[in-house]
Amino acid sequence: MIPSENNVRVRAKGLSKWYFSQRKSRSSLQDAFREQWNRICRRQMGELNGQVSKPSRQGPLEGTLWAVKDLTFEIKKGEVLGLVGSNGAGKSTLVRLLSRLTDPSEGEAWVEGKVASVLEVGSGFHPDLSVRENALLNGVFLGMRKNEVEDRMGEILDFSQLKDRHSLAVKKLSQGMQYRLAVSVALHSNADFLLLDEVLEVADRDFELRCFERVQKEQERGKSFLFVSHNISQIKLFCSRLLWLNEGSIQSEGNPETVLEAYLN
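Just so you know, we're using our numbering here: the sequence shown kicks off at 1 and counts up by one.
The set of hints was computed from the structure by calculation and includes no laboratory data.
Treat the hints loosely; a few may be bogus.
[Unchecked claim] List of simulated lysine-lysine pairs, BS3-like, C-alpha gap at most 30 Å:
(1) 171 <-> 77
(2) 172 <-> 77
(3) 13 <-> 77
(4) 171 <-> 236
(5) 217 <-> 236
(6) 114 <-> 76
(7) 146 <-> 114
(8) 77 <-> 114
(9) 69 <-> 163
(10) 114 <-> 13
(11) 76 <-> 172
(12) 13 <-> 69
(13) 76 <-> 236
(14) 163 <-> 114
(15) 171 <-> 76
(16) 236 <-> 13
(17) 171 <-> 146
(18) 163 <-> 217
(19) 76 <-> 163
(20) 146 <-> 163
(21) 69 <-> 146
(22) 146 <-> 13
(23) 146 <-> 172
(24) 236 <-> 69
Since the structure is predicted, the reported quantities are computational estimates derived from the model, not experimental observations.
Full structure from sequences and hints, please.
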């Protein structure tokens, strides 16, 4: 187990993931079933303090491609780490590794506390269920108890500005409203580490600022965030530090202004 420090929420050491580039269909299907089963089991059992993601198998083998390779970094308690990089840089793979949706091929990722993620807004919604019912299901999926979600339901609906639509079927909501609901549930969860993968890309300015204020409050309580976005203004607003991935490796890490200047140029 990677040793803990009082102010560290996440620590990755030599974190790497490779995939087969040949015979893809069979291995991809097997990986999908395995990862989905792991996801269900982890959600049911809850995240354990000091939990470590360890390599699933030894490698690499011939005909494999590295999605991310030898990533070593930390996320402090109460910190918002931004993740930037071009398409195919390895951002989604890193998010899946830290979300416990897949296991590393090499290296380890240690997280203290409960982990929750919003990776694809609407993917967990049932279109025929109401706003309130979907909020309840999503809250449970993110690791909350049913009574915890019910106790926070008023806050969730107020925050998402959907209180007057709580009995409406989700399929009748606009995409923007569905985004607001998913993000609201996540921000009111009891996770210690929350991963937000491009979930505010279509948010209006008012909701964006309300999310920022909520994130600040959660930071004061020690909650940490990984914030993935192509929106530079959101990166500057939310993040205290940036990690730039390029072709699966860390290109730069540090102050947002410095990293963004190099990334954009």
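Verification of the supplied hints:
no., hint, in the structure
1, 171 <-> 77, "violated (37 Å)"
2, 172 <-> 77, "violated (38 Å)"
3, 13 <-> 77, "holds (17 Å)"
4, 171 <-> 236, "violated (33 Å)"
5, 217 <-> 236, "holds (18 Å)"
6, 114 <-> 76, "holds (15 Å)"
7, 146 <-> 114, "holds (16 Å)"
8, 77 <-> 114, "holds (13 Å)"
9, 69 <-> 163, "violated (45 Å)"
10, 114 <-> 13, "holds (19 Å)"
11, 76 <-> 172, "violated (40 Å)"
12, 13 <-> 69, "holds (10 Å)"
13, 76 <-> 236, "holds (18 Å)"
14, 163 <-> 114, "holds (28 Å)"
15, 171 <-> 76, "violated (38 Å)"
16, 236 <-> 13, "holds (27 Å)"
17, 171 <-> 146, "holds (23 Å)"
18, 163 <-> 217, "holds (22 Å)"
19, 76 <-> 163, "violated (35 Å)"
20, 146 <-> 163, "holds (19 Å)"
21, 69 <-> 146, "violated (39 Å)"
22, 146 <-> 13, "violated (35 Å)"
23, 146 <-> 172, "holds (25 Å)"
24, 236 <-> 69, "holds (27 Å)"
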